[in-house]
Amino acid sequence: MIIVFEGRDAAGKGGTIKAIMERVSLRIFHLVAIPAPSDREKTQLYAQRFMQHFPAAGEVVIFDRSWYNLAGVEYVMDFCTKDQYQAFVENCPKFESHITKAGILLFKFWLEVGQEEQERRFTARMEDPLRQWKLSPMDLESYARWYAYSRARDMMLKATDTEEAPWYIVRSDDKRRARLNCIAYLLSLIHYKEVPRDKIKLPKRSSKGEYDDQATLVGRHYFPEKH
Numbered sequence: 002m003i004i005v006f007e008g009r010d011a012a013g014k015g016g017t018i019k020a021i022m023e024r025v026s027l028r029i030f031h032l033v034a035i036p037a038p039s040d041r042e043k044t045q046l047y048a049q050r051f052m053q054h055f056p057a058a059g060e061v062v063i064f065d066r067s068w069y070n071l072a073g074v075e076y077v078m079d080f081c082t083k084d085q086y087q088a089f090v091e092n093c094p095k096f097e098s099h100i101t102k103a104g105i106l107l108f109k110f111w112l113e114v115g116q117e118e119q120e121r122r123f124t125a126r127m128e129d130p131l132r133q134w135k136l137s138p139m140d141l142e143s144y145a146r147w148y149a150y151s152r153a154r155d156m157m158l159k160a161t162d163t164e165e166a167p168w169y170i171v172r173s174d175d176k177r178r179a180r181l182n183c184i185a186y187l188l189s190l191i192h193y194k195e196v197p198r199d200k201i202k203l204p205k206r207s208s209k210g211e212y213d214d215q216a217t218l219v220g221r222h223y224f225p226e227k228h
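Take the sequence shown: its position 61, counting from 1, is numbered 62 in the working numbering, and each next residue is one higher.
Since the hints were derived computationally from the structure, they do not count as laboratory data. It is possible that part of the hints are untrue.
Claimed, not checked - BS3-like cross-link-like pairs, simulated, lysine-lysine; straight-line CA separation at most 27 Å: (1) K176 - K135; (2) K194 - K102; (3) K95 - K43; (4) K83 - K95; (5) K95 - K159; (6) K159 - K102; (7) K19 - K135; (8) K194 - K19; (9) K83 - K43; (10) K135 - K43; (11) K19 - K176; (12) K159 - K83.
Build the full structure now, drawing on both the sequences and the hints.
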């Protein structure tokens, strides 16, 4: 399964992904947040650096942003040419059709945050030292270009909201409701059944070879405990 999360900056993608990941096995669920392409990656097929992270049977890959970077930030910020953009929107549905026909479940979520709520979240980041790291120069530029991002969103949805790989839009002004709604709807899209679980009981500790295993730590190096 592949789950794609897209949306404006401060839409709540990270928090929603965290809510999904904190109750699952990290041996099965894998989070992918790909940085800007290297010089070598820029010469590859556009989808190439994403495909290397695709799942095998029994695995789930969550993309915190994805190949849709080209239809969003790269298009708005003129990081790609018009020809590159046009090629992307023409080929993306074909690419995703190959994914789904190969047996991979593909779910795409767009988190939609309003202007006032985005401004409130940006202001909170600016004023909170613990969250200032989340505010980048690109975030500020995206704030200034609200309607350019809106047009890019609408163009993206028109070109890539297909029957085989539809977009699901999640209102995210209320973060908690957005996370719960997203998880609930994701589960409704998947055919699954309850797994029977045996009752677990801790075994009795053996006293064989018993000794004072704390006394042996006396004199070892402990870090100073400040709390």
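Results of checking the hints against the structure:
Under the criterion of a C-alpha separation no larger than 27 Å, the hint pairing K176 with K135 is consistent with the structure, at around 16 Å. A threshold of 27 Å between alpha carbons decides the hint, and for K194 with K102 the separation of about 23 Å falls inside it, so the pair holds. For a cut-off of 27 Å, the pair hint linking K95 to K43 stands: about 21 Å separates their Cα positions. Annotation: proposed proximity of K83 to K95 holds, straight-line Cα distance about 19 Å (limit 27 Å).
Using a Cα cut-off of 27 Å, the hinted pair K95 and K159 holds, with the two alpha carbons roughly 15 Å apart. The hinted pair formed by K159 and K102 meets the criterion: a straight-line CA distance of about 22 Å does not exceed 27 Å. For a cut-off of 27 Å, the pair hint linking K19 to K135 stands: about 15 Å separates their Cα positions. Distance check on the hinted pair: K194 and K19 sit about 24 Å apart at the alpha-carbon level, within 27 Å; holds.
About 16 Å separates the Cα atoms of K83 and K43, which keeps this hinted pair within 27 Å; it holds. For a cut-off of 27 Å, the pair hint linking K135 to K43 stands: about 26 Å separates their Cα positions. With a C-alpha separation of about 12 Å, the suggested pair K19 and K176 falls inside the 27 Å cut-off, and the hint holds. The hinted pair formed by K159 and K83 meets the criterion: a straight-line CA distance of about 17 Å does not exceed 27 Å.
Of the hints listed earlier, there is not a single one the structure fails to meet.
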